[in-house]
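Asker: Sequence:
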Amino acid sequence: MFLHRLFPSWPLILLITVTGCGSLNLRPHVDEEVQRAAGMLTGCFDSKDQAISDPENYFQIRLILVPIWPKEKIGHWMYVEQASFESLERPYRQRIQHVYRDENSQIRSDVYLLPGNPLEYAGGWENPEEMFKGLGPQDLTLREGCSVLLKPDGAGFVGSTVGEECQSSLGGAEYATSEVTLSDGLLVSWDQGWNSSGEQVWGATAGGYRFVYRGLKPTE
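Position one of the sequence shown corresponds to residue 0 (numbering that gives the first Met the number 0), numbered consecutively onward.
Hints are computed from structural coordinates only; laboratory data are not their basis.
Incorrect hints may have been included.
To be verified - Calculated lysine-lysine pairs in the DSS-like style (CA-CA distance at most 30 angstroms, straight line):
(1) K72 - K150
(2) K72 - K132
(3) K70 - K132
(4) K216 - K70
(5) K216 - K150
(6) K150 - K70
(7) K216 - K132
(8) K216 - K72
This one's a predicted model, so the numbers in the text were calculated from it and none came from an experiment.
Could you build all of it, start to finish, from the sequences and the hints given here?
Answerer: Laid out in structure tokens, this is it:
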């Protein structure tokens, strides 16, 4: 049973050798904090270093977030893809993420499901303008209760989901929680699933996944 190590981040939360990653520029935005949070989330990350140092608790995961739909006026939309280094061509998690400031002046990251078969969008980070030009926010399904609320913390951000609001049936869970920390060159994400008795049934148990920013889009 390895669910305790799998399903790191969607945070949003895998190749045997590290691939390079390409710089990505975000469009200007009047809200500097939202712009900064989106910038820190954007790019190519992986957990290789952590998995090598603690293979009992962590897998080698690649996490990619790329901007999409730059003409949308509210916040920043991103395509998110997570895959094991051993099966990069078949990501185990694909989402659309929307980072913006809500009506309560909180910075939040909403999580959306893609329509149809998500694997049809695998590798969408290579040419996001082409891949997602036929989709829009109206085509997505919001994961109610699974938004991460972010707040500034020094030079970065910290955030989490709220209570037991994010429902999940994965691995016998009743709900899921997610904690996120953003700092320079590092995204830490700790996703966990809990049953009705409050017992953890999936996710890392030793702490969050530490995704190191590689600075360029994957080249392989």
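Asker: Now tell me, hint by hint, if it's right for this structure.
Answerer: Outcome of the hint check:
Among the hinted pairs, K72 with K150 is consistent with the structure: their alpha-carbon atoms are about 22 angstroms apart, no more than 30 angstroms. With a C-alpha separation of about 16 angstroms, the suggested pairing of K72 with K132 holds against the 30 angstroms cut-off. Proximity of K70 to K132 is assessed by CA-CA distance (about 11 angstroms); at most 30 angstroms being required, the pair is judged to hold. Between the alpha carbons of K216 and K70 the distance comes to roughly 22 angstroms, so the proposed pair stays at or under 30 angstroms and holds.
For the given pair, K216 sits about 27 angstroms from K150 by alpha-carbon distance, which is consistent with the 30 angstroms threshold. The hinted pair formed by K150 and K70 meets the criterion: a straight-line CA distance of about 25 angstroms does not exceed 30 angstroms. For the hint pairing K216 with K132, the CA-to-CA distance comes to about 20 angstroms; that is within 30 angstroms, so the pair holds. Among the hinted pairs, K216 with K72 is consistent with the structure: their alpha-carbon atoms are about 25 angstroms apart, no more than 30 angstroms.
Checked against the numbered hints given earlier, this structure breaks none of them.
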